[in-house]
Amino acid sequence: MKTTPENQDATPPDWMRWLDGEMPAAERASFERELAGDPGLQAEVEAARHLSAMLKQELPAEMSIPHADFFNSQIQVRLSQIEAEERRSVPVAASPWLGWLRMPWLIGAAAVVVALLAVRRDEAPSSESNTLVMSTYAPNPKVVVNAFHSEAAEATVLMLEGLEELPADRKVVGWHLDSGLTDPASMSTAFSGPSGEVEVVMTRDARNQPRLWVPRS
Amino acid sequence: MNRSLLLLVVVWLVAGGTPWLSAQPVPPPASPAARPATDGKVWGALVYATDSAEKLTGVKSEPSKFLPNMDQKLAKVFPWTHFEIVGQHTQDVFREYESWVVPSADLFLKVDSKGPDAGGGVHLHLQFWRQEQVLLKTDALLRPKSPLFISGPKWRDGQLLFVLVLAEETTTK
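Here the protein sequences come in this chain order: A and B. Sequential numbering of the first sequence, starting at 99, is according to the working numbering. Sequential numbering of the second sequence, starting at 55, is according to the working numbering.
Only chain A is shown next, with the shape it has when bound in the complex (with noise of 0.2 Å):
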């Protein structure tokens, strides 16, 4: 596989966001085009398709980590030696004006604002009963997400800034689904009505993005 200077930093190379749906609509038919005009890089998409494909036959769902609670144990331990290296390379301010910056009384006063900012916002999350989310990642860089839980709504809340409008004349349909079953040697998925007949049909296509139809049309 190619190793290039630009795809070495964070950034998923463009073949990698295409495999894996993450390409807004216009990038992806620029990068298709590209794609049919360079059989190198058909190349390397093949070959990574190949090994995702054979990854997911032989590797199960979820691994479990032998000896689980040592491992984090191990983990803690080694990031309290990382914390205790910083602290001892950081040097204590000597300034004698900086000193009230170590007051006793100025870290319980900071915990108090704190505090009263935690119950005065409404929408900060918290309570053991109500949904969380612990991560978010929206591959457009356009897109900006927010995460809150709202107490009004007593509901978690996503909120996507940036998106792309839907065109005013798409038609929306939607469905009344009441189950779905996967076969995983094909992964393809039936969907149910409340008829129990299969209304919606999921198959994969050549990238393994996910495709839905309906069988009667």
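Just so you know, the hints here were simulated from the structure itself, not pulled from any lab data. Please note: incorrect hints may appear among the correct ones.
Unchecked claim - Partial selection, computed: residues in chain A whose CB lies under 8 Å from chain B:
(1) ALA123
(2) GLU226
(3) ALA266
(4) VAL271
(5) LEU275
(6) SER277
(7) THR280
(8) VAL299
All C-beta atoms, glycine included, are put in the ideal place defined by N, C-alpha and C.
Given the coordinates of chain A, assemble chain B onto it according to the supplied hints.
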């Protein structure tokens, strides 16, 4: 062969008296017991939100039994006054492989279970899809009676919203 002996052999075979026969692979029965293990059940809905009843699409749907007062709750978060369930889907969350919540072909959700939480609810990895594109990937702990609202793209004179609720925590062993 003696007819009575033959009959005896047939009866013995049908009764399953031979260990080598019971050891043969038997196709799983099409019963609920054969269904894959789950970590719960979710209800997902695609909702069209707008500021006027006249602008709704006219889809008829019953209020959700999984999220009473859904409209009032949505109105406390989003700047819209009228809400309409365009599509809805109740789906088992499979333990071993992915599940999909597909109330519409336009916006849907891939759900991977990360296991139940000791304090209640299910840890999920969610992917929010718009047709062929992933809009959002998130890890969440979905708890009972605590819905997750996801704001979708603007559409017509309003906006599409996705609602996800933990409908059941029942675990199939």
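Do the hints match the structure? See the list:
Because the smallest distance between the Cβ of ALA123/A and any Cβ of chain B comes to about 7 Å, under 8 Å, the interface hint for this residue holds. A least Cβ separation of about 6 Å between GLU226/A and chain B falls short of the 8 Å threshold, and the interface hint therefore holds. Restraint check, ALA266/A versus chain B: the minimum CB separation of about 5 Å is within 8 Å; hint holds. Annotation: interface hint on VAL271/A holds; nearest CB of chain B at approximately 6 Å, less than 8 Å.
Given hint, LEU275/A at the interface with chain B, holds; its Cβ is 4 Å from that chain's nearest Cβ, closer than 8 Å. This hint holds: SER277/A has a C-beta 7 Å from the nearest C-beta of chain B, less than the 8 Å allowed. Nearest Cβ of chain B to the Cβ of THR280/A: about 6 Å, under the 8 Å cut. The hint holds. Below 8 Å, beta-carbon pairs count as interface contacts, and VAL299/A has none with chain B, the closest being about 10 Å; its hint is therefore violated.
Figure legend: structure checked against the earlier numbered hints; the only hint not met is number 8.
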